[in-house]
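> Sequence:
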Amino acid sequence: MSVATPATSQERRYFWLLLIFAIVVIGAGIGLRDPWPSDEPRFTLAAKHMVESGDWLFPHRGSELYSDKPPMLMWTEAASYVITGSWRVAFLLPSLLAALGTLLLVYDLGRRLWNRQAGLYAAAALLLSFQFVYQVKRAQIDPLVLFYITAANWGLLVHLLKGPNWRAYWFGCFCAGLGVITKGVGIISLLMLLPYLVAWRWQWEGVSRMGAGAWWRWPLGLVALLAAIALWLLPMLLGVKAHGNDPAYTAYLNDILFRQTAQRYSNAWHHIHSPLYYIPIMMFSWLPLSLIYPGVIPRWWRQLKAKDARQLLLLGWLVLVLLFFSASPGKRDVYILPMLPMMALAAAPFLGELLQTRWLRSLGLLFIGVLGAALLSLGAYALIAHPAFAANLAATRGFDEGEHSLWWMCITMGAAQLVLIVVMRLRHAAWAVAGGMAAIWLVWSLWAYPLLNDSSSSAGLMREVRAHVPAHDELGMIAWKEQNLLMLERPATDFGFSVPSHEQYAAAIKWQSQSPATRWLFAVDTAIGNCVDHAKAVSLGSANRREWWLFKADAVVPGCVPSEDVEPATPGTVD
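With the working numbering, the residue at position 465 of the sequence shown is 465, and numbering never jumps.
Worth double-checking, as some hints may not be accurate.
[To be verified] The calculated label-pair distances, taken between Cβ atoms and stated as ranges, are:
(1) D55 <-> G211: 40 to 50 Å
(2) S274 <-> L304: 26 to 36 Å
(3) W301 <-> A7: 27 to 37 Å
(4) R463 <-> L304: 52 to 62 Å
[Unchecked claim] Derived EDC-like pairs: lysine to aspartate or glutamate, alpha-carbon spacing no greater than 20 Å straight-line:
(5) K510 <-> E474
(6) K241 <-> E64
(7) K305 <-> E205
(8) K552 <-> E474
(9) K241 <-> D255
(10) K536 <-> D525
(11) K552 <-> D525
(12) K307 <-> E205
(13) K536 <-> E547
(14) K331 <-> D39
(15) K552 <-> D533
(16) K510 <-> E564
(17) K536 <-> D554
(18) K510 <-> D525
(19) K510 <-> D533
(20) K241 <-> D55
(21) K510 <-> D473
(22) K162 <-> D108
(23) K552 <-> E503
(24) K331 <-> D68
(25) K510 <-> D554
(26) K552 <-> D473
(27) K536 <-> E464
(28) K162 <-> E205
Don't read these hints as lab results, they were simulated from the structure. Using N, Cα and C, we set each Cβ at its ideal position, and we do this for glycine too.
Hey, can you work out the whole structure from these sequences and the hints?
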């Protein structure tokens, strides 16, 4: 086992360089955009309702309770807004902090299990991986649950490999519980105990030995797990009880405790894929880290044959988590994101050696070369040939000349990769890859965010709505999306979200008829069909791949009922 030694000045410099690199790459663009579909507006809308209503226990989506996910992310966004006073900052701040926390935990695990160099390699490998940065630059639940699962793994690994350290074990179990009340899957951290039992039973090198009299300490981990879950579960149960026989709160309870957990796992109703779905994800979404597979797999095998408990626990956990998610019919690429930090950690002790090999450096340059050539070619082709896909993109995004800027952005990204190859060459291939990935994320954040924000967030669409509806008039919304209500920035009446659109339409028309002179309706075209005279309505154009209309009572066709075939997105689906 490695002996702890003081950090050298070079190791300290590399640590701070890595941390600054992470803050710049992940934090770039914060404040330059609003929440984008599919999930970001949903969570921010619920957080905004918490701040405005004072009800932090039950998330709302408009007038409806939102029961797809526990409120942990919404709490962190609402708290961030209370601190910063800006939703553009607040909605992304939890993801940034979760990402930095995950990187620090991975670094510390590498330092404890091997040495500081391994910690630096583990954190750097994670930071360069495409899926990690892609997800932590978004305001979804996954960065937060990634942090809690990694924190749980930190506590368990410190105890099981560098212990006994019962406080670390209880801390890990508590973090697993926080992961449960964030997205339900935090419990997967405890799968680490299974490979530990194998290592303990067959006396693998480096496994912690617990005294016989310490048996009673193990169940306290379950107490810590349940205590974390109870932080949300008990107040929620009491809150439902306080609402008596209100069917909305009873439905919320049943949905969030049963349908969105066990039923969603065993009998998923969307994102159905084959058991092998995650294999290409681990190959392509984990680039450039996945380039090391040919070199690291034989080294893992040698360590396992040598009975290295560190690799058994890490690799065993990775296999168990992969089997866990593969067994469910419902699969999304982001589900296996918690595996990525442990994959980087398991590879870390070999990265220094592998980065000296000619084949890996050549593969790294080939990777950014192909990526750069593809981006450069795409941008040049779109600018020169004006293909149909470019025209369609301009139409759906509402661009005038803005699509040209988008293609110049692609050219800039691609050119940066090729320049790095020329400047760094084979000797500094690792720095070329790091620079290439940083260039992509920085250009995307600082260029694409402001360019695409109006159309992606519906900010432009809802600005048009505010311009047409006088301040003293009222607005009702039919078949709306979360980004519409979020970006409206004024009060509005909705008629449900998961309610079928034809029922929303009927309720909206009745509401409008009560004050036809001052009440407007906002709706997607498919929800109103031929029941609105388009000549008397206001066309708002296209946003989020939909056509939107604004109309008063004089545009309504009397007695017309829209088709019942058009339904709003069901809870849990992707926009």
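> With the threshold set at 20 Å, check whether the alpha-carbon distance from K552 to D525 stays at or below it.
Holds, at about 15 Å.
> Within 20 Å, alpha carbon to alpha carbon, are K552 and D533?
10 Å, holds
> Does the structure keep K307 and E205 at a Cα separation of 20 Å or less?
6 Å, holds
> When you take the CB atoms of D55 and G211, is the distance between them in 40 to 50 Å?
Distance hint for D55, G211 holds at roughly 48 Å.
> Do the alpha carbons of K162 and D108 lie within 20 Å of each other, as the hint requires?
The hint holds at about 13 Å.
> Is the hinted pair K510 and D554 satisfied, with a Cα-Cα distance of at most 20 Å?
Measuring from Cα to Cα gives roughly 13 Å; hence the hint holds.
> Using the C-beta atoms of R463 and L304, is the stated range 52 to 62 Å upheld?
Since R463 and L304 have Cβ atoms about 59 Å apart, the given range 52 to 62 Å holds.
> Between K510 and D525, is the straight-line Cα distance small enough, at 20 Å or below?
19 Å, holds
> What's the verdict on K552 and E474, does the C-alpha distance respect the 20 Å limit or exceed it?
11 Å, holds
> Take the C-alpha atoms of K536 and E464, compute the straight-line distance between them, and say whether it is at most 20 Å.
Holds, because 17 Å separates the two Cα atoms, which is no more than 20 Å.
> Holds or violated: K241 and E64, Cα atoms, limit 20 Å.
18 Å, holds
> Between the alpha carbons of K305 and E205, is the straight-line distance 20 Å or under?
11 Å, holds
Violated hints for the displayed structure: none, as all numbered hints are satisfied.
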